[in-house]
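In case you want the letters, here they are:
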Amino acid sequence: MSAGPATTASAPGPATRAAALEVESLRVCYAGLPAVDDVSLRVEPGQVAALIGETGSGKSSLALGVARLLPSSAVATGRVRIAGAELAELPARQARQRRAGLVGYIAQDAMAALNPVLPVGQQIGELFRVHRGLSRGDASHQAVQELARVWIDRPEQVAHAYPHQLSGGMRQRVMIAMAMALSPPLLIADEPTTALDVSTQAEILGLVGELQAQTGSGILWITHDMGVVAELADWVAVMYAGRIVEQGPARDVFEHAMHPYTGGLLRTRQDLRTGRPGTPLYQIDGAPPALSAGRPGCAFAPRCLRRTEICAERRPELVAAGPALGATAAQGAGTPAAGTVAPTPSPEPPWLAACHHPEVSS
Amino acid sequence: MTAPAPDIKPDVAAGPVGLVPVLRFESVSKYYRGVAALDDVTLALPRGTALGLVGESGSGKTTCVRLALGLERPSSGRLTFDGAPYPHSRRRLRPLRRQVGFVLQDPYDSLDPRMQLRDIVSEPLRVHRLRGRVNGGGDRSRRDTDQRVTQMLQAVGLSGAALDSYPARYSGGGRQRIAIARALMTDPAVLLCDEPTSSLDVSVQAQIVNLLLKAKRDRDLSLLFVSHDLDLIGRVADTLVVMYRGRVVESGPAEQVRSRPRHHYTKALHDAVPADHPARRRLAAARYPSAGPAAPDGPASAGRPRADSCAFADRCPAATARCHAERPPLVTEADGRSYACFFPLASN
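Chains as they are written, first to last, in the numbering used here: chain A, 1 to 362; chain B, 1 to 348.
So here's chain B without its partners, still in its complex pose (with noise of 0.2 Å):
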């Protein structure tokens, strides 16, 4: 943390190594049998902050948290952890994967029933062999996790829960703390989230959020948060990443990506959420634009978009014969602001 800092920007308050974004994706892509889940994509995650990947299925978003947890390798580009890129070898990948937490969308998928609390709670301590050596613990290292596990619990607000229950005691909800509890247990740098709250109840998922968020502030987490749920992103993210088939679209400040969409799809995707109030709708009213002819062949090869146009074309109400044989690149602007688009919508 006291290492030499020779440029001298006042303006970066989390220090030198603020400059370097925790993680990155820098030109990726990756392919499942010749087809691009991802398309070059270019990401960085500024330590202390949200980043939000918005997007509906097929956008890739899920790939690019199974990427950043070294589940996967990229096909072409690279993902960097605190400037060095990610190891290659499973065994150099470990002392990373400390460092990356996650939280999955289905809290009654990602918990083991047969397990107890204090195990699964513990599991990262055990993985990672942060709990002295396996065998030499004995009573002493077993005391030492419970209290450890308890007091993450009583972080994750599971203040009363059992060391020795089962999932199966828990809501979606407890589970979804749960979870979050096992996550943090490692003190990671970043965590992922993916959907955490879409198979929660609406009076329990602001509960979750605020979980995420607490964690954030508290122990200076980075949040990569994936979620096709607009308005909750755009609330909990200060970086939003529009991402379609594949490609990132458009970025920037999430309150601004949220209000003043730069690219057509943002915009129809805000349009797509459904009113706040009966005397304001508007989906029922108009036949919103359709996915495009529906080919009875699946969605598995009509999903992907030609490489020599753009993603959003065969849908876009703006779109030219331009937008059908080029790709648009992905420019950034003064403000900070970053679309793939030729035609723009206004940015006031």
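Just chain A, with the same shape it has in the complex (with noise of 0.2 Å):
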């Protein structure tokens, strides 16, 4: 923690090209027990890359161990970097000042994450004057042009409005306009637009298209909606149980699913468009495991209808997967851990899967 914070917190900036977030065999543990389990993931400056997940899959304590907001009944071990930086090396003070330059956070919850009492226009203004050392006026001259950046209409009036009297859509927008406002290499999304209409939600994914365009910052954006992800990411990685069990291009994810998990979700998808109305669902039976620790095997075999006997004796490793990859399957086969992105020194990251059975391309 305190072992030499000055040289670490001197990282490069945005500007460099080290990646938006560098995440190496990250663990979070809550009593002994893991819920985030070796995961290893890398977002690009630019790139978004969506972390798909369902309850308890450890997709929130990933992202909350990435900004260093764990609370702190938690055990986090495993190397984050963001935009070179290290948090996690920071004593807590400084970790919080250099926070707000390096991550944006977007909250599913609008309404608990703005201050209840001060105009919004006050908590943008805020940012300036604390990371920018803008006087008062500037500051609040600043916050409208980010509200206006969010496509809020008549920004001056709304920078005067408290949290409560604004839309769910309008809270969430922002949301999006504080954790930009200091142009941060990275963004975290967590779940954004999952208690909001399906029209606020087109506008906010509309929004945020556009933002990213503007400012090339990386963005981890957490769902349980594969609609969403088809609609944003490049990168997409599917965690079940504490641990990604796939990752890869989002389209050729989308297009051809190696971990029978993720190809589940796509069909649960897919058949609620295209299904006959009134006949059953395609469904995956079972439901996600409890928290647990030293479960031998894959922890999905329970409701696989690929599982062997392998299945539940060996856990499957991360391993390169794709249909044109060969080699690099081979190789990946002999390593033991999650981490086999940093190694390959090919521009595109290898597509990975965590299967003993992957779905192979016909």
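FYI, nobody ran anything at the bench for these hints, they're computed from the structure. What you are looking at is a predicted structure, and each value in this text was computed from that prediction instead of being measured. A portion of the hints provided could be inaccurate.
[To be verified] Some chain A residues close to chain B (C-beta under 10 Å, calculated; not the full set):
(1) Leu196
(2) Gln201
(3) Ala202
(4) Val229
(5) Val253
(6) Leu266
C-beta atoms are modelled at their ideal positions from N, C-alpha and C, and glycine is treated no differently.
Combine the two chains into a complex, taking the hints into account.
Okay, here's the thing in structure tokens:
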């Protein structure tokens, strides 16, 4: 924690080629039980990486671990670099100061995340006063501009409004304005559209797409909705029971999921859209497992239609599995952990799956 | 069932009673403090079918559910059950309530955490005195009840469940199964489902929907299914009713409404659904038509249309002066589709 904070903190700014986010073998435990188990992930600048998972899959713990916002009861190990900087290596106070410039956080519940007794313009302005040293007047002027940037009509008026006076979609836009105000290299969006109506969600997705094209931030977008992933993501990582079971370019994964769980989620979605009304829906049986320690085998095995004996005995490693990656697959199979992203020299990181019986492309 | 049927329509498979919708809203309006939550809504749920109510927050879907449950009375208009109007007195509502089960959105909210499974599922029997005399039953009655609860839990896919367990032991999907078991206990004719899967995990949603569809088939249930999810509801319902700001703007056979909307709001709803593949993105590419000037004075006052205009006029790409000055009536065409629009989208 306290080892050489000054040197690690003076990391290169967002202008250099450092990844927006590099997570290496991250583990987050609550009371000894791993909520996030050996996760490695990389988000490039200008990329949207979607992290998809269900309740208890560990996706939110991963997000909090990245932003160093975990509760004190959680124990995190592994490395997290945001634009080259390691927040976890800094003392708490310094980390707080650095965080605002490094990572913007958009929470699901804007009402809970915003200060209820301050006008929203003032909340945005405060960021500029504290972190950019702007005067009160300049900061409030800047706040109005930030509100306009997130497509808010009459931003001067809205700046004076309190959070409860705004609709859910408006509050979410205020949150986005705050998260992006200091142009951080990384944006974490934790299910920001889940509580919204579809048309409001559509606006938010369109807005984020546009803002990202302007700023070039890397985005880690957490969701349980494959539709949102299809709409936004360049890269997709699927989490199940604390581990990433598949990750790869969004187009490839949607075209041909390797892991049966990913395939099941996609098929569920497809069936909703194209199945005949009134006929039974495609369903994945069973329920996601509860947190537990030292489970052998694949966590999805009890629900999996492709399971064999080995699935219950040995945990499948996350290895290169894409159809055109025969050579890398052989090489990847030998590596012990999930951290196979780093050593690959190719510009396109490999498509990985943790399955003994991955679906093979036809 | 063997009542004389003077008119001999061979196409009505459900028999003479099939002609009368099991649940009907007739020009129902409901005002809260002068604001119309429901504005002249007419709906019919034919027996053995699923009616889907779809709309966004503030559309009036949940108000419909509350009225159908008898929790509230309409400000004007009336509801009927099997052709008879809903009674006014609470006491006389009770037999009707037995016929109307419900499954609500949040299974964490709707089950009492201090009650055992046995008591949760058998509660409707006690409320409706279907278990014999409250005190006169004794051990025998308790055994009978336990047996019925066990059978019902089996029917909803919880065969291993211990009767003395508490809801906390179950995940969201498990709890929703418990809620369904409770709802089916009185053998209702209608099941009201208010966003029954929206708080569940994706991989569990389909299980719960399938359970509801199975109950519909096996028990000749009629479903009133409320959701904001056009894909889901179009998949479950036979008939779709699209609501917007307290009004019905379109209705018709689910598949047609979903694939060929006539009302511009239905189309907007359809267009807002995210893509199914990254190669077919649409939302991030084009700015979606805004919900109108976002007034800082909050959604409550901003949400209601004027009585003399179309509910969707201020967001509609096809709106003209007429749409702002006159309320379009809900017209029904020969193909059974209805819409409230002066300038409907083409039907093909």
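Results for each hint:
The interface hint given for A/Leu196 holds, since its Cβ lies 9 Å from the closest Cβ of chain B, which is under the 10 Å cut-off. Nearest Cβ of chain B to the Cβ of A/Gln201: about 7 Å, under the 10 Å cut. The hint holds. Taken as an interface hint, A/Ala202 checks out: its beta carbon lies about 4 Å from the nearest beta carbon of chain B, inside 10 Å. Interface restraint check: A/Val229 against chain B, minimum CB-CB distance 8 Å, threshold 10 Å, status holds.
At its closest, the beta carbon of A/Val253 sits 9 Å from a beta carbon of chain B; the interface hint therefore holds under the 10 Å criterion. For the restraint placing A/Leu266 at the interface with chain B, the shortest Cβ-Cβ distance is roughly 9 Å, inside the 10 Å limit, so the hint holds.
In summary, the structure agrees with every hint in the numbered list given earlier.
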